[in-house]
Amino acid sequence: AQSVSQHNHHVILSEAASLELGCNYSYGGTVNLFWYVQYPGQHLQLLLKYFSGDPLVKGIKGFEAEFIKSKFSFNLRKPSVQWSDTAEYFCAVNSGNTPLVFGKGTRLSVIA
Amino acid sequence: EAGVAQSPRYKIIEKRQSVAFWCNPISGHATLYWYQQILGQGPKLLIQFQNNGVVDDSQLPKDRFSAERLKGVDSTLKIQPAKLEDSAVYLCASSLTGGTGELFFGEGSRLTVL
Chain V
745 AQSVSQHNHH VILSEAASLE LGCNYSYGGT VNLFWYVQYP GQHLQLLLKY FSGDPLVKGI
805 KGFEAEFIKS KFSFNLRKPS VQWSDTAEYF CAVNSGNTPL VFGKGTRLSV IA
Chain P
6 EAGVAQSPRY KIIEKRQSVA FWCNPISGHA TLYWYQQILG QGPKLLIQFQ NNGVVDDSQL
66 PKDRFSAERL KGVDSTLKIQ PAKLEDSAVY LCASSLTGGT GELFFGEGSR LTVL
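As you go down the protein sequences, you meet chains V and P in turn.
In terms of this note's numbering, the first sequence opens at residue 745 and continues consecutively.
In terms of this note's numbering, the second sequence opens at residue 6 and continues consecutively.
The reader is advised that the hints may include incorrect statements.
[Said to hold, decoys possible] Here are the simulated lysine-lysine pairs, DSSO-like style, with alpha carbons at most 27 Å apart:
hint	chain 1	residue 1	chain 2	residue 2
1	V	793	V	805
2	P	88	V	813
3	P	83	V	848
4	V	813	V	802
5	V	802	V	815
6	V	848	P	49
7	P	88	P	67
8	V	815	V	793
9	P	16	P	88
10	V	802	V	848
11	P	49	P	83
12	P	88	P	49
13	P	67	V	848
14	P	83	P	16
15	P	76	V	848
16	P	67	V	793
17	P	67	P	49
18	P	76	P	20
19	P	83	P	67
20	P	49	P	16
21	V	793	V	813
22	P	67	P	16
23	V	815	P	49
24	V	848	P	88
Simulated from the structure, these hints should not be mistaken for laboratory data.
Next comes chain V alone, as it looks inside the complex (with noise of 0.2 Å):
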C-alpha cells in the first residue's frame, strides 16, 4: 500500500525566508505526485503535480518541487515565503487510477 511522509509536523519562517518542506512516499511503481495546499478557512486546493517528464515542477504562488526517484522523494520549494503563505500543506500520491493518498500535513506559519 502507498503510504505518504512529511517530516515537519510546523514550520515557522520569517518573511523572505526560503521554504523546503519534505515529502517522502512508499510506492515502488510509477506515481503520480500532488502538493495540496489548505489556506485558513478555505478548502484544499492544487499547487502542483508531477506526472511524468521534467521532474522540476512548477505551480502556482511561485511554489515549485522536485521529483527525485532514487529518493522515492518530492520535497516543496519556494525561494521567499510571504505572509500570505501561512497555510497547511499536504503531499499526496497515487498510482494509476488509484485514489490520492495523503500525507499528515505541514503547518506553514510566515511571520512578519
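Since chain V is already given, all that's left is putting chain P on it; use the hints.
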C-alpha cells in the same frame, strides 16, 4: 464555475446518534470522493464513486458508515450510530476523471461527537 458544495458546514451530535452529510460535485465531474480528516492528520479516503458506482470503499467502516451517489451527481454520507472517534472533518471532492485528474475539494463538514 461553481465549486464543490457541502452541507452542513458544522454538526454537533451525541454518540449513538445519526448524521448525514450532503455533497454536490462540480457539474460534469464523474468521480466523487469522500475523505475523513481527523485533527492533526491528512485526509483519509472513505469511498470513491465513478458516476453512481462504487470504485473503492475498502476503508469505509461499513458497520456504521454508508454512502450513496444519486443518479451519478449528488452524494450523501451517513453515520449511524456515531462514535466519539468519528469527530472529524468530512471532505467531499470531485474530479473529471480518476487517476491523474485534479481533485477539487469542498469546504468540508465538521462533525463533533459528544
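**Prompt:** Tell me, which hint numbers fail for this structure?
**Reply:** 2, 15, 16, 18
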